[in-house]
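So the sequences go chain by chain: A and B.
Taking my numbering, the leading residue of the first sequence gets 22, the next gets one more, and so forth.
Taking my numbering, the leading residue of the second sequence gets 8, the next gets one more, and so forth.
Source of the hints: derived by calculation from the structure; they are not laboratory data.
Each hint can be trusted.
Simulated restraints, written as ranges between beta carbons of each label pair: (1) I41/B to Y623/A: 19 to 29 angstroms; (2) I25/B to Y623/A: 15 to 25 angstroms; (3) L93/B to R603/A: 41 to 51 angstroms.
We treat Cβ as the ideally placed atom computed from N, Cα and C, and that holds for glycine.
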Amino acid sequence: MPNQPDLQLWLILFFPLLGALINGTIGRRLSKGLISTIAIGSVALSFLWVARALSELGQLETPHIERYFTWISSGDLKIGFDLSIDRLSSIMLLVVTGVGTLIHVYAVGYMDHEEGFWRFFSYLNLFMFFMLILVLAQNFLLLFVGWEGVGLCSYLLIGFYFLEKYAGDAAKKAFIVNRVGDFGFSLAVLLMVVHFGSLDMTQVFAAAKKMPLEESGGVLTAIALLLVVGACGKSAQVPLYVWLPDAMAGPTPVSALIHAATMVTAGVYVVARSSEVFLKAPVAMDVVAVIGLVTAVVAALIGTAQNDIKKVFAYSTVSQLGFMFLGLGVGAFSAGIFHVVTHAFFKALLFLGAGSVIHALHGEQDLSNMGGLRSKIPITYWTLMIGAVAIAGVWPFAGFHSKDAILLAAHAHSPWMYWVGVVTAGLTAFYVFRAIFLCFFGTYRGKAHPHESPAIMYMPLVILSLLSVAGGYLPVMEWLAPLYPAHEQPHDMTLILISVAFAFAGIFMAYYVYILNPGSADGYAKSLGGVYRAIAGKFFVDEAYDAAIVHPLEQGSRTVLMNGFEEVIVEGGVNATVAVTRWGGGFLRLLQAGNIRSYAVYILLGAVIFLGVMATNGGAR
Amino acid sequence: MPQLNAVPMSWYLILSAILFSLGVAGFLFRRNIITVFMSIELMLNAVNLSFVAFSQHLRQVDGQIFTFFVMVVAAAEAAVGLAIILTVFKNRQTLSIDEVSSLKN
Chain A
22 MPNQPDLQLW LILFFPLLGA LINGTIGRRL SKGLISTIAI GSVALSFLWV ARALSELGQL
82 ETPHIERYFT WISSGDLKIG FDLSIDRLSS IMLLVVTGVG TLIHVYAVGY MDHEEGFWRF
142 FSYLNLFMFF MLILVLAQNF LLLFVGWEGV GLCSYLLIGF YFLEKYAGDA AKKAFIVNRV
202 GDFGFSLAVL LMVVHFGSLD MTQVFAAAKK MPLEESGGVL TAIALLLVVG ACGKSAQVPL
262 YVWLPDAMAG PTPVSALIHA ATMVTAGVYV VARSSEVFLK APVAMDVVAV IGLVTAVVAA
322 LIGTAQNDIK KVFAYSTVSQ LGFMFLGLGV GAFSAGIFHV VTHAFFKALL FLGAGSVIHA
382 LHGEQDLSNM GGLRSKIPIT YWTLMIGAVA IAGVWPFAGF HSKDAILLAA HAHSPWMYWV
442 GVVTAGLTAF YVFRAIFLCF FGTYRGKAHP HESPAIMYMP LVILSLLSVA GGYLPVMEWL
502 APLYPAHEQP HDMTLILISV AFAFAGIFMA YYVYILNPGS ADGYAKSLGG VYRAIAGKFF
562 VDEAYDAAIV HPLEQGSRTV LMNGFEEVIV EGGVNATVAV TRWGGGFLRL LQAGNIRSYA
622 VYILLGAVIF LGVMATNGGA R
Chain B
8 MPQLNAVPMS WYLILSAILF SLGVAGFLFR RNIITVFMSI ELMLNAVNLS FVAFSQHLRQ
68 VDGQIFTFFV MVVAAAEAAV GLAIILTVFK NRQTLSIDEV SSLKN
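Input sequences plus hints: build the corresponding full structure.
Structure below.
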């Protein structure tokens, strides 16, 4: 191994942490300008440091690992604070810090009028810190630290407007649903400790690779499935996706950064990182593919009937994450990661654009109160349009390349997955353009006076839209190729044309329903009847969870814990103490009659008893 | 030194006990504050008597020193106590301890 340069990778983590600490402790007394400088500066420095490290590392044929200190040492198990960069994490690093910087810049404009400016940016920087730990971690425990940390920051930022009940509820929901996934993840980590005696990724994957097939089946499948449980929670896959749409209660830059571009792709990242384990567990691979496909379809269907512009994009995020899982599940890890990258570009763009619309309309999020904004906020319109075209998968925009890579791989794996995926892609095009048409075309139906966002907000939009146009030509898959077994990528022109045709069909359907025949949508909805109601009701998943889990838990708490434990044991115990004390007090009160002579009698009796005892014992000696 | 008309130790103690019992009885059964007060003095002096008797019997001076302390305290107590009694009488025109009960309840 060639002598590795010392790159001080810890500085990548240190900058955002420092920013979070400064803004979190003394931010209240700093001016807005200073707070934003610290927040943007720390993330930008970390981006520059990543760029510097990558330029030093060149081709990254072998992972670059920096070991700092032993964190936990227990018997044979040694866990160090080790950071590493390989080809996979280098991509994630660039996306996280790059898109993160743009969103920080945008957030300065977006949050300008909000209370708690300093609090927002200290949370956002803290999020960057944990996300970078997650990406840079060389062992699974450190990764888990980042994993939980981003969950915490997600909770804090969803509940940023904590005075509103719905924001607090959404934050709790996100946190609790994520706990379910994290439980699976931690079990996977424990299984690794038991079976491999190490959590260092290099060692675990080497051991997994060497494990003979007859031994590996059960263990590796279990580990892989538990990791999938964790990934389902973090990446909002069926059945744990319910928190992500609610997470839109947070400020829009948060939705863009955490709930679209970076944190929710952590599940994809972990699965791709653990590819050695998954490749030995074909059952888990199939589970990933099916979960991804189901999620993509379900979320896309729900997305067609949402009226909140952010909710539409939230469901589209869930759906796109489903596509990534499909890619991973059919063995096209590099295609999945490629989609993470392009999705980060165009989904951050869509969310920031939606934020710009909301900003222009002074907080209006309902599509039915928009319309005709094309000429009023042109920059937002054009950038959002580019984002929509990119997510729809129209050549040559970014979404086309990554989505087709996934769909082609799915076709090679099993053709039915391709067809479901293609239809879903058409559906994606339909609902995204539905939102665009409802927002920007037709006549204006709202009351607020729209105004274009300031430059600090539309500059990130412009940069992201450039990336959404050209991002498809980044050589992500070629760069990742050595990490994964060669995956045959048949460049079947027919399949590509079919998927593009579906995308255009989706766009045209939206055009037909919402522009050529405005107002006809309600008629179609009515003719669909129960199907439409199911879709508009989000398939009643929230209600089902309420009935199956939340309600029994509440009832159980009420009858067992409150009526049983609390009232009988706790209150009964307290009441018994009170009764005994009161009774004893009533008895002792008789002694304290306030009558001097009775006191004198007591003293006399005491003295007599004392002397009597002394006398019978033979006096003092 | 020959003990001529030595009074036996037990006589002193019996006298002391009688005086003490009289004090206790007076303290318990009389209502007049001044009588109660005098009973307390009687008890103190009964104890003084036994202190002195023991001092003589054991040929040690401690008991006599202790008696002086008791007398000093009794004098101080008498000064304070009589002042209180005077004030009580001025305010209430009564010396019955059963009627001085405003701190009760």
